[in-house]
Amino acid sequence: MKLQIEDSELVRDYINGNESALEILINRHNQRITSFIYSKVLDRDITEDIFQDTFIKVIKTLKKGKYSEEGKFLPWVMRISHNLIIDHFRRNKRMPMFEGSDDFNIFSVIGDDKLNAEKQLIKNQIDTDLRQLVEELPDDQKEVLLMRIYKDMSFKEISENTGVSINTALGRMRYALINLRKIIDKNNIVLTN
Amino acid sequence: MEKIYSNFQEQAEFVKVCPKTINFLLSYSQALYEFEHNDLSFETFLN
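Respectively, the protein sequence lines represent chains G and L. As numbered in my numbering, residues 1 to 193 make up the first sequence, in order. As numbered in my numbering, residues 1 to 47 make up the second sequence, in order.
Because the hints were derived from the structure by calculation, they are not lab data. All residues carry an ideal CB built from backbone N, CA and C; glycine is no exception. Among the hints, erroneous ones may be present.
Computed cross-link-like contacts, PhoX-like style, restricted to lysine-lysine with a CA-CA straight-line distance of at most 20 Å [what the hints assert, rightly or not]:
(1) K72/G with K57/G
(2) K151/G with K123/G
(3) K72/G with K20/L
(4) K142/G with K114/G
(5) K156/G with K142/G
(6) K60/G with K72/G
(7) K123/G with K20/L
(8) K20/L with K57/G
(9) K142/G with K186/G
A few chain L positions that, by computed beta-carbon distances, are all more than 10 Å from chain G [claimed, not checked]:
(10) L25
(11) S29
(12) N38
(13) D39
(14) L40
If we take Cβ atoms under 10 Å as the criterion, some of the chain L residues that face chain G in the derived model are [said to hold, decoys possible]:
(15) V15
(16) K16
(17) V17
(18) I22
(19) F24
(20) L26
(21) Y28
(22) Q30
(23) L32
(24) E36
(25) H37
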């Protein structure tokens, strides 16, 4: 005759540090809890997730010594999984899941705005080249261009910082761009990504 | 009929979570260490 250890005893053992007691508890109730969750969510992956979250709560509660329902282990675990199922449906109601089909994949429309490694390298190279070209400009034009492009300052701020009028700052910016284009054309530099 | 039966069978087959999930939970349990200090509860993971 096979003698089965009571849940309450296993819980006590587990609280006292016997980790294998948890394995017995999980394996003993695996089928009941899994079937219960699956009957509600009808999705294998979600069932696995909810099962896992349920036992994470169980483990935390037992390790904190906050478990007090001796002898009613399974109903307690079922109640936790029930609450997590409700959470799952609430979350999905707020944020419905969209699944693509064979004809339409959402990721063909939504892209990752980050550059890939190659484009990032090209961008870095362009930034470096451009910085060198800016160094070729006369000091007054370079100053305005750096403030406007790299420091993102307004022309009013540039005029206050350089002590020239807004119109002069605008003119210097205009000539800075014209001269940059001239240097680029003269040296046949290709700045593109 | 065939389709309904296969759907039902698929549901009926899934009655246990995979061993990977159970192994994760057992490892999680072994690693988790809960302790209290000055009425504050802390949890940490031991390697």
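These are the hints, each one checked on the structure:
1. K72/G with K57/G: 16 Å, holds
2. K151/G with K123/G: Distance of about 19 Å is within 20 Å: holds.
3. K72/G with K20/L: At roughly 27 Å apart (the allowed maximum being 20 Å), K20/L and K72/G break the hint.
4. K142/G with K114/G: Cα-Cα ~30 Å, so violated.
5. K156/G with K142/G: 17 Å, holds
6. K60/G with K72/G: 17 Å, holds
7. K123/G with K20/L: 44 Å, violated
8. K20/L with K57/G: 18 Å, holds
9. K142/G with K186/G: OK: K142/G and K186/G at ~19 Å, within 20 Å.
10. L25: L25/L not clear of chain G: closest Cβ-Cβ about 5 Å, inside 10 Å.
11. S29: Not fine: 5 Å to the nearest Cβ puts S29/L too close to chain G.
12. N38: About 16 Å separates N38/L from the closest Cβ of chain G, which puts it past 10 Å; holds.
13. D39: 13 Å, holds
14. L40: 12 Å, holds
15. V15: 5 Å, holds
16. K16: Holds, because the Cβ-Cβ distance from K16/L to chain G comes to roughly 5 Å (cut-off 10 Å).
17. V17: 5 Å, holds
18. I22: 6 Å, holds
19. F24: 7 Å, holds
20. L26: OK, holds: L26/L within 10 Å of chain G, min 6 Å.
21. Y28: 7 Å, holds
22. Q30: 6 Å, holds
23. L32: Holds, because the Cβ-Cβ distance from L32/L to chain G comes to roughly 6 Å (cut-off 10 Å).
24. E36: 8 Å, holds
25. H37: 13 Å, violated
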